[in-house]
Amino acid sequence: MNPARLWAMARKEAIQLRRDPRSLAMAFLLPVALLLFFGYAISYDINNIELAVLDGSNSERSRALVDAFESSGYFDIIERPARYDDADDLLQSGKVRVVLVIPPSFDRDLSAGREAAIQLLLDGSDANTATIAQNYAAAIIIRYSSDVLLKARRFVLPVQAETRVWYNETLESRNMIVPGLVAVIMSIIAAMLTALTIAREWERGSMEQLAATPVHRLEVVIGKLLPYVGIGLFDVALAIVAGLLIFGVPLRGNILLLTGLTLLFLIGALSFGMFISAAVKSQVLASQFAVISTFLPAILLSGFIFSISTMPVALQVITYAVPARYYVSVTKGIFLKGVGPGVLWVQGLAMIIFAAAGLTLAIRSFRKELE
Amino acid sequence: MSDAVRVSQLTRKFGDFTAVDDVSFDVQQGEIFGFLGPNGAGKTTTIKMLTGLLRPTSGKARVAGFDVTTEIDRVKRNIGYMSQLFSLYPDLTVLENIQLFAGLYNVEGDRLERRKEWVLEMARLDDYKDRLTGELALGYKQRLALGCAVLHEPPILFLDEPTSGVDPISRRSFWDLIYGFAEAGTTVIVSTHYMEEAEYCHRLAVMNRGSIIALDRPDSLKAAISEPILEVTTGDAPRVVELLRGETGILEVTMFGRAVHAIVEDQAVAERQIPRALAAAGHSVESIRPIEPSLEDVFVSCVRRSGGTVAG
Numbered sequence: 046m047n048p049a050r051l052w053a054m055a056r057k058e059a060i061q062l063r064r065d066p067r068s069l070a071m072a073f074l075l076p077v078a079l080l081l082f083f084g085y086a087i088s089y090d091i092n093n094i095e096l097a098v099l100d101g102s103n104s105e106r107s108r109a110l111v112d113a114f115e116s117s118g119y120f121d122i123i124e125r126p127a128r129y130d131d132a133d134d135l136l137q138s139g140k141v142r143v144v145l146v147i148p149p150s151f152d153r154d155l156s157a158g159r160e161a162a163i164q165l166l167l168d169g170s171d172a173n174t175a176t177i178a179q180n181y182a183a184a185i186i187i188r189y190s191s192d193v194l195l196k197a198r199r200f201v202l203p204v205q206a207e208t209r210v211w212y213n214e215t216l217e218s219r220n221m222i223v224p225g226l227v228a229v230i231m232s233i234i235a236a237m238l239t240a241l242t243i244a245r246e247w248e249r250g251s252m253e254q255l256a257a258t259p260v261h262r263l264e265v266v267i268g269k270l271l272p273y274v275g276i277g278l279f280d281v282a283l284a285i286v287a288g289l290l291i292f293g294v295p296l297r298g299n300i301l302l303l304t305g306l307t308l309l310f311l312i313g314a315l316s317f318g319m320f321i322s323a324a325v326k327s328q329v330l331a332s333q334f335a336v337i338s339t340f341l342p343a344i345l346l347s348g349f350i351f352s353i354s355t356m357p358v359a360l361q362v363i364t365y366a367v368p369a370r371y372y373v374s375v376t377k378g379i380f381l382k383g384v385g386p387g388v389l390w391v392q393g394l395a396m397i398i399f400a401a402a403g404l405t406l407a408i409r410s411f412r413k414e415l416e
Numbered sequence: 015m016s017d018a019v020r021v022s023q024l025t026r027k028f029g030d031f032t033a034v035d036d037v038s039f040d041v042q043q044g045e046i047f048g049f050l051g052p053n054g055a056g057k058t059t060t061i062k063m064l065t066g067l068l069r070p071t072s073g074k075a076r077v078a079g080f081d082v083t084t085e086i087d088r089v090k091r092n093i094g095y096m097s098q099l100f101s102l103y104p105d106l107t108v109l110e111n112i113q114l115f116a117g118l119y120n121v122e123g124d125r126l127e128r129r130k131e132w133v134l135e136m137a138r139l140d141d142y143k144d145r146l147t148g149e150l151a152l153g154y155k156q157r158l159a160l161g162c163a164v165l166h167e168p169p170i171l172f173l174d175e176p177t178s179g180v181d182p183i184s185r186r187s188f189w190d191l192i193y194g195f196a197e198a199g200t201t202v203i204v205s206t207h208y209m210e211e212a213e214y215c216h217r218l219a220v221m222n223r224g225s226i227i228a229l230d231r232p233d234s235l236k237a238a239i240s241e242p243i244l245e246v247t248t249g250d251a252p253r254v255v256e257l258l259r260g261e262t263g264i265l266e267v268t269m270f271g272r273a274v275h276a277i278v279e280d281q282a283v284a285e286r287q288i289p290r291a292l293a294a295a296g297h298s299v300e301s302i303r304p305i306e307p308s309l310e311d312v313f314v315s316c317v318r319r320s321g322g323t324v325a326g
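Protein chains in written order, with the numbering used here: chain Z, 46 to 416; chain B, 15 to 326.
Don't take every hint at face value.
As the list claims (entries may be wrong) - Listed next, the in silico DSS-like pairs over lysine-lysine satisfying Cα-Cα at most 30 Å (straight line):
{"no.": "1", "chain 1": "B", "residue 1": "143", "chain 2": "Z", "residue 2": "413"}
{"no.": "2", "chain 1": "B", "residue 1": "27", "chain 2": "Z", "residue 2": "413"}
{"no.": "3", "chain 1": "Z", "residue 1": "326", "chain 2": "B", "residue 2": "27"}
{"no.": "4", "chain 1": "Z", "residue 1": "413", "chain 2": "Z", "residue 2": "326"}
{"no.": "5", "chain 1": "B", "residue 1": "27", "chain 2": "B", "residue 2": "74"}
{"no.": "6", "chain 1": "B", "residue 1": "74", "chain 2": "Z", "residue 2": "413"}
{"no.": "7", "chain 1": "B", "residue 1": "130", "chain 2": "Z", "residue 2": "413"}
{"no.": "8", "chain 1": "B", "residue 1": "130", "chain 2": "B", "residue 2": "143"}
Stated by the list, open to error - Label-pair distances were calculated between CB atoms; the ranges are:
{"no.": "9", "chain 1": "B", "residue 1": "146", "chain 2": "Z", "residue 2": "366", "range": "41 to 47 Å"}
{"no.": "10", "chain 1": "Z", "residue 1": "70", "chain 2": "B", "residue 2": "146", "range": "18 to 24 Å"}
{"no.": "11", "chain 1": "Z", "residue 1": "263", "chain 2": "B", "residue 2": "123", "range": "22 to 28 Å"}
{"no.": "12", "chain 1": "B", "residue 1": "167", "chain 2": "Z", "residue 2": "305", "range": "40 to 46 Å"}
{"no.": "13", "chain 1": "Z", "residue 1": "414", "chain 2": "B", "residue 2": "146", "range": "54 to 60 Å"}
{"no.": "14", "chain 1": "Z", "residue 1": "305", "chain 2": "B", "residue 2": "141", "range": "57 to 63 Å"}
{"no.": "15", "chain 1": "B", "residue 1": "290", "chain 2": "Z", "residue 2": "414", "range": "29 to 35 Å"}
{"no.": "16", "chain 1": "Z", "residue 1": "414", "chain 2": "B", "residue 2": "263", "range": "47 to 53 Å"}
{"no.": "17", "chain 1": "B", "residue 1": "81", "chain 2": "Z", "residue 2": "263", "range": "19 to 25 Å"}
{"no.": "18", "chain 1": "Z", "residue 1": "351", "chain 2": "B", "residue 2": "28", "range": "35 to 41 Å"}
{"no.": "19", "chain 1": "Z", "residue 1": "365", "chain 2": "B", "residue 2": "72", "range": "46 to 52 Å"}
{"no.": "20", "chain 1": "Z", "residue 1": "414", "chain 2": "B", "residue 2": "270", "range": "17 to 23 Å"}
{"no.": "21", "chain 1": "B", "residue 1": "28", "chain 2": "Z", "residue 2": "305", "range": "34 to 40 Å"}
It is worth saying that the hints were derived from the structure and are not from the lab. All C-beta atoms in this analysis are idealised placements derived from N, C-alpha and C, irrespective of residue type, glycine included.
Kindly produce the complete structure, drawing on both the sequences and the hints.
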């Protein structure tokens, strides 16, 4: 490898990148846009569920139950229909997701020490929200019931769980999503950035002039890679700052370790894009391949959204070949748990293998010969 | 080493199609060697094999003493190449393109400064050096491409249809540059389909359908045409070509603008025969006169003698 030729390639690529608005947008705007979009759109936290209350009892006790719902923070009482049919309409039109019906006999039954039935109507068309709402409601009702019991009989509950959640104390899904999101976004952006570079030279004919020079294919591939590695690192830094400032995600681990592993990941992902570019020699095809081969695995098989340990075994095996899987573990681990090399060496090793494999593929598939 | 390029039985096939068929020739150092022929004759494919861009199917070629299949890197260090289509980077400035190719050819330090100045002056691009290359007129682009190809002062220069698409004046000034290189000892191998440009070459290989059908100095090629040529001017040239083709004693008929060139067996006989044949079909002859053969006539005559038809 000749440093002068390598430098000439890298410099040329950087200048071209600087003058191409499309590449610039992809390099700098798209990651931020994706981060904001996914960061806000993906959320498992369900708060402020629309609730309608039909309180037929209208007693001190029934109001206490309604208060319990309201003060939980999970439900917003937006309607108080007078008749059962109105409640039905509200549910059907989608104005509320849950209807709480307290029968007139509620207070009487409780006073008499009988079981007091209440009714909870849920909109099951969004099964996920319905399930979560049901669980919240059940928890509120159990607590209310135990309060009633305790007050009446002066009992103490035999078992009290003192739960404390580690790593993500407030159980905010955003804390879990944003670090993984950085990994997923970079998987996609990196491959898309480089997918165009070699194909563009073939399409424009400049490859012919380049191929007639003594430049070695190693110099072409690595020279082209260098500016994109710079951009990739900048993007990750930007995403981390956005994660910290906009989403308030904690960064507990070592930033140098994160940088080192990010660098390895970028080399692998960028080389993979270049491999696609050199293999298909068409910009349109290469960018499609790049998106398909990185986007879906990164989203579905990286453990970003769906936990790998609950997947069928066959799928679990496939995830070992998805680079994003390791990088998602790295970002989550360093952000949330603050883990170090003692834990992440497996991921580090996997990423060294991916970087080496990506580079080899890119260099092998790039030919200076015409066909 | 007096032979800059030695080619023997070079062949390139694309599937069933033979683009270059068993071609052999030598080029001497300092010579301007031309390939003349229509599109599809195999000129570009030959040049691509000699520059290491395309692997020959069979045959041997040595460029600057190095084998084009086994010593590609050395070949590339010793040649300059200007491809048929403009293929520098349009989104780099003139100077950035020069610096890129200087880097790729390892032209550094003082030499870089000297060569940069030289190229800008040679290509008359000093006032345009910070302009984006894509914004330049074609003539300027081609001079820049030539400049980038000779930055490293290669002993052999390959130019594949270097002046296609530019006006005759730019073409003429481009050829002044080529002569300059040849005088300084550079071997120039150039392809063209412009006849007037072919006249500038020291030696010409006339190509058709992948083969070299004649190879000699331009004046020798013309002198080799023994049959007389008559130029016939008429109102309807295409129709006249049809009428005369196949007449006894008329070997070949070709259209040259409004005129028709006929290669004939016997001048005196044909001068009486042609007006008679045309009059019978209702066409009058404005003029009929014997002419010196041009390279175009040479090409037509060579194709006829090789027993073929023109490619394309």
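- Contradicted hints - numbers only: 13, 14, 15, 18, 20, 21
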